Every structure is written in C-alpha cells, then in structure tokens.
Amino acid sequence: MRMQRRMCLAVLATALAVAGCSSSSKSSAGSTNSPAGGASSTPAGPATAPANASAGSGSAPAASSDASGNLTVWVDAARLPDAKAYAAAHPNVHVNIVTFDGDGNGATSLQTKIQLWNKAGSGWPDVIFSEQVNDPVWMAQQPFDFAADMGKALGSSVTSQWPKTSLAQCTVNGTLVCIQDNLAPVVLWVNQKLMTQFGYTVPTTWQDWAALGEKVAKDHPGYIIGTTGESFSHWIYFWSNQCPLEANVKDTNVTINVSDTHCTEMASLLDPLIKNGTVPPLSVFTPDFAKKYGGANDKVLMMPGAAWYAQSVFDSTLKIPAGEITSAPPLQWGTDTPVTTGQVGGGPWIISKHSSNMKAAADFVLWSTTVFNPDPTGADARPGLPGYGPLATSWLAGMATNKYFAADPTPAIKAAANQIWQGWDLVTYPDQPVWSNTVVTGLVAGKSLSSLMPAFGNGLSQAAKAAGYTVASH
Amino acid sequence: MSDTPVLTPAAQATRKRGLPVGGARRKGDTRTGRGFGFVLPYLPFLVAFGILPMIYAITLAFTTRKGKFIGLKNFTQAGNDFRFGPSFEHVFVYTAVWLAALIVFVVGLALVLHGRAGRASSTFRFLYYIPGALAGAASVLVWLFMLDPGVSPGTFLLHILGSHLFVESIAPGHLPFIFAMIAFWTGAGGWIVVLHGALNTIPHELEEAARIDGAGPVTIALRLKLPMIGKWIAYMVILSFATGTQLFVEPQLVNEASLGMVPDTWSSNQLAYQLAFRYGKFNEAAAVSVDLLLIGLIAAVIIVTRTGLFRRED
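Chains as they are written, first to last, in the numbering used here: chain A, 1 to 474; chain B, 1001 to 1314.
Okay, chain A solo, but in the shape it has when bound (with noise of 0.2 Å):
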C-alpha cells in the first residue's frame, strides 16, 4: 500500500517535472517574436531608411511639441526608422521601442501579448502599429477592449485629411480606433524593360493578363507575371474580383461564399497560370523566390500587387535593377465598369486606451503619419502611399521623380486609391493564414485552385465561427 503510494507520487514528480521544463520552453517560445529563418520579410517589407533619417517638409498640422515624459511604442521593421527618427526629434520624450513581426501574415502575435497584458492588469504600450488591417476590429472589442479613440486623440481637423474609405475601415461601432499608416490598393507593376524587349503591350483586363501569361509560358518560359504564394494572394485576386470572402459583415454575420461566380472565374482564370509557370505558388518573401526569379535573373515580368510593392519588393527585396519596373492600372474584369480592386495592408496605428500619457501617444502617431517622409526619391523613401492627404501629395510628387522606376508609376497608384472594392469587410479574424495552409500547400502539392476552393470556404468558414460569426455561404 504504502509502496503504491510512493509509486504514484513518483509518476506525478515526474510528469510534473516534464510539464515544469516544458511550460518553461512554451513562455520562451510566446515571446519570439521575429519570425524565423530567411522568409523574415512582411506585407509591409523590410526597412532601409536609416535610423536618423530626416523628417521631409509636409504640410503638416503643428505637432505638439510639448510632448514629454515615457512612451512605449510597438512597431515593425519598416516603421523602425519612423520610431527611431522620431525618438531623436524629440529629446524630452523617453520613447522605448519595441520592434515585433508586425502582426504579418495573419500572425497572432498581438491577440496573445494583449491578453497576456489584460491578464496582468499592466505592462501595455501606448502605441502600437500593425501590418494586418483588421487588428483594429478585435482590439475595439471585447475581450481585447485596447483601441483608444483615435478621433479625440487626433482632432477631427486632422483625421478629415485621411480618405473617407480608409477612415471607414477604422471605425468600429462608431469609434475612429485607427488611423491608416498608409494606403494599398493593388496595381499592376509592370517590368517595363522586359515588356519592350519581348514586344508586349501592357493588358488592360484580366483575360488579356491571362493570355499573355499563355504566350510567355510558350516563348518565354521561366518569366513570371505573377505569384499566388503569399498569405495574402486571395486580397489580390479576390478582392479586386468582388469575390464575397469576408462579405456583408453586420456585428457577428459575415458572408463567406466561395461558389459566388467571381470567386470560380477568377480560379478558373489563374488555374492554367499556375500549371504552366506563370503564377507560382510562392511568396516574394522567400530566398527561393528571390532566387529563382529576382536580381540578375530578372525574371519578374509583370505582378499584380499592392501599391507599397513599389521598392520595398523590386529593389530591396528582390534586388532588380533600377529603371525597369513601373505601375499599370489595375486590371479590369472582362468589360465590368466600374473597375475594381483589392488592398493588402495599409497597416493602421492603434494607441492604447491604458496609456498614462495619451498626449505623447497622440503626439507620436500625429508625427508618425504627417510628418515623417524621408528622402521621397530615394531608396529611403516610405514604403507605402501615406493615409494623411497632404503627406501623400509630397510622398507622391518625390515618387514621381524617383530614378529607381521606369517611368512615374504615381498615376496608377493615386487612380488605384479610389477603386479598392467596398464590398471586402473586414473581420475579427486572421483570414490569411487559411490561404496559406489550405490553398498554398496544395498549390505546392500540384492540386488546382479551383479544387482547392471548397477547402478554402470551409477553412475561412470555421475560422470564422471560432471567432464568434454566424457564418453565411450566399
């Protein structure tokens, strides 16, 4: 008896053992926060402005100056240099910066540090910037409950300057909780070298698109026009076909309808692309990619992507040569007026409701998003188109001029911002990560896009009611 006593106390040392050294790994793995290996790069794309890098002259609204005191700021690797640049203007502001991997990719990194800081009852930072659009929308609400009032922050006078549809995005129940680092509407960046030398015309709509992706596999095997490998290719195509992925959000019902006739022509549009070469199923982020079809090889023909693709994907991450790549419109469906398309990141700034200087909070995301812009023309320039109007028009006037591109790709861009479809909402949950390991890895496995839509649906389906949404599929 006394034997059988020892012994089981002797199994719960040991597996109590086990459960201690593991739980220790598992807090250490909670808090890796970059992602590993080479395929570290985010929607947003990898910062190479310098850390001391000047503010440009915007027009921008007088920042408060007086800001003082500690700020803790999140932010990812291309908003470093903002951070930092930021830090150095403001000597009386402590700023703490903490870089983490952007929330990229339908990442969860945010979700969890919340809930630990909720749990904790302390330890949140005032500001935070995210790559994935619709962390807002979770951290308006229960049980995260984080997002300050963007608009009382801010001033009406300054959000007015963002467009009303990004504006619109940042609104949950009626509260601005973000304001929009930038805008991303996709275009159609086009290797205009390339498309000289092969005697191509830049396609208008998607079939011709397709088309040329027929001729290029035939004469020009090996040349790319796209790719189908991000975490966020489904923004890209479906969105600017109108497919109802994350359709008629209304409190906790969404449409998710992968039957819907924009969704089947589109896959049925890219199947062959992605059979004969043309689209792979990889991601521009990946050392294969870059690889395979980046720098000397040269092999990026034409790719639909969002506007910020500009130098963070051609030049620092794929390494093509200046004076190739330019934008194209947007590519329309067939004859379909008015033309649309999607948006991939935009990502938004947040401050937090538990701040104990609010005013520093508001002065740096003020400064953030109206005043930083180094060197428009060079290769420090901002990443993305910024959300704040007058901003925008310095950053759009500096793109213009920039020897990096073929030819000014600003008209595209500044006609792309107003056509991203209406009809995309945006949701609690992280929708890119079922692309990823449901399409992505079939795509890989030689399945058809078409095939694997079903999966799809069901995957954004049940993603979808773990979030709480009663899910519709028409």
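Because the hints were derived from the structure by calculation, they are not lab data.
Dumping the calculated PhoX-like pairs for lysine-lysine here, alpha-carbon to alpha-carbon at most 20 Å:
| no. | chain 1 | residue 1 | chain 2 | residue 2 |
| --- | --- | --- | --- | --- |
| 1 | B | Lys1066 | A | Lys119 |
| 2 | A | Lys119 | B | Lys1068 |
| 3 | B | Lys1073 | A | Lys465 |
Ranges of calculated distance between the beta carbons of each label pair, as one might list FRET restraints:
| no. | chain 1 | residue 1 | chain 2 | residue 2 | range |
| --- | --- | --- | --- | --- | --- |
| 4 | B | Gln1077 | A | Lys447 | 32 to 42 Å |
| 5 | B | Val1039 | A | Lys359 | 51 to 61 Å |
| 6 | A | Phe198 | B | Phe1105 | 46 to 56 Å |
| 7 | B | Leu1072 | A | Pro454 | 26 to 36 Å |
Short, incomplete list of chain B residues facing chain A, as computed with Cβ under 8 Å:
| no. | residue |
| --- | --- |
| 8 | Gly1150 |
| 9 | Val1151 |
| 10 | Leu1165 |
| 11 | Val1167 |
| 12 | Glu1168 |
| 13 | Gly1260 |
| 14 | Met1261 |
| 15 | Asp1264 |
Since we're looking at a predicted model, the values are computed, not measured. All C-beta atoms in this analysis are idealised placements derived from N, C-alpha and C, irrespective of residue type, glycine included.
Chain B: place on chain A using the hints.
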C-alpha cells in the same frame, strides 16, 4: 522542446533504490530522512512551477470565467473545436515516430558505444551530445536552414526526397517526421549519455561470467545489458512521451517562418495557447492542458506498472 535529460530527484532516488547495491543497508526511517534531504532543494520549485500551476489549471478547467463550477463543459467545448482532433492526431503521429526512433537508435547506439574502447566511446558520446547544447528554439532555426534546399548543406538529400523548395520540404505530410527528426537530433545525445551511465552500473563480473559461458558481444548486449537497463529506458520513454505530447516550439516557429503555411494550432499545446491568448478562452485552454496532463499520467502509470520502474529490491 527536446530537453537535456535532467534526473529528477525521484529518478535519482529510484536509481539509488533500483540497483543491487553492495553492503549492509540501514533501516527504513533513516533512509527516508536522508532521501528527504535530497528532495528538499527541489520541493519549492516543484510546488511553484509544478503543483500550483497544475491546481490552477484544473480549477480553471472545471469552472467558468467567473469561477462557477460547470463540470465537463469546458472539455466538451474544447473537444468540439474544429482544430482539436487534427492537433491531437498530429501530436500522436509525431510522438509515435519520435519515441520509436528514440528507443531504437538511442538504445542501439548506447549499447554499441558501451562495447567500444574508452576513448572512442567518450569521443562519440561527446559528439552525440553536442546538438543537445542548442536550446529548443535555436535548434529549430538551424533546421529551417537545413530544410531549405536553397541554402542547406544537404541539398542533394532534399532533392532525392523530392523537395526543391522550402515549401515542399515542409509539406503537411512531412511535418511529424521533421519535428521528430529535430527533437531526436537535439535530445538523443543526452539520452545516450544517460543510458551509457546506466550501462556502466552493470557489474563487470556479470559480463565476465557471460563471456566465460560463451556469449558473444551481441548476445551480451541483447540478453544481458538490455534487460538490466530496462528501467532507464522506461524512464526515458515516460519523460519523452510527456515532452512529445506537449510539442510547441517547433511548430510555432515553423508556422512563423512559413508565413502561416503550417497552422498555428498544429499541436494540441499550440491550440491551448491560441484558445487562451487569442480567443481569451482560458478555461477551455485549461481543459486542453488537463487533457494533456491526463494523457501523460496514464502513459506514465502504464509504463511504470509494466516495467516495475519504481519496484524496490527489498
């Protein structure tokens, strides 16, 4: 997740008890008192990092957010989650692969090493142990490079296995095997050292006697040494089973490195983490943790009773 094996006081005590030790023995009371002295330094840690969290988890698992008792509701809710089945399935396939590899190769290598001359044996033990020096997360990073045909020194092997891109290396079907390989690579060396130590406790006379009776090295290894280190193997299996079912670091890092191609709820421990910290369902997360605790305990009881791990000689 693969840890350097640390002998818990319980195991050390077992080791003391389980072996035929020469000389006279004192009576029970004195031994218990001395044993307590050995266990004492560990007790505060056991309570703070083992017992209290476990009680907290069990309390959470049976209550609501507001602390009201609700029986098994958290368990049924967590069990009905669409990710529950797949995550446990992944973990069991992984654990099976890993444990099989661990038992066969670790025991095999330990026996082979023990038959070698001193210097060669210690050199190899050191070599096997080196990968264990890399902590869990660091070893995963090493493997992320090893599995990327673009940068891996073993590219030709990856090509033979049909992988030309990183995304092909981490195809869903490969994952349990990849994680098992990572865990084996970092953990096996430590266990080889432990088992080698166990083999050293076998009295030389026994081996000598077997040899005189005409037993060759293979017979000695399989019929004499192997049965005598059975308890250490059982101990290794219990610890490894529990670590295996609690897999977290490897899939979590591969999830981030693959930009989401590997789900962030691949393993059951990840599911508990996501339930708690993404959805704020701490009670359901606790239920998943208690599931894991139960599985670990049941496995431990089965192994302990079947192998007589804690049976005393007297």
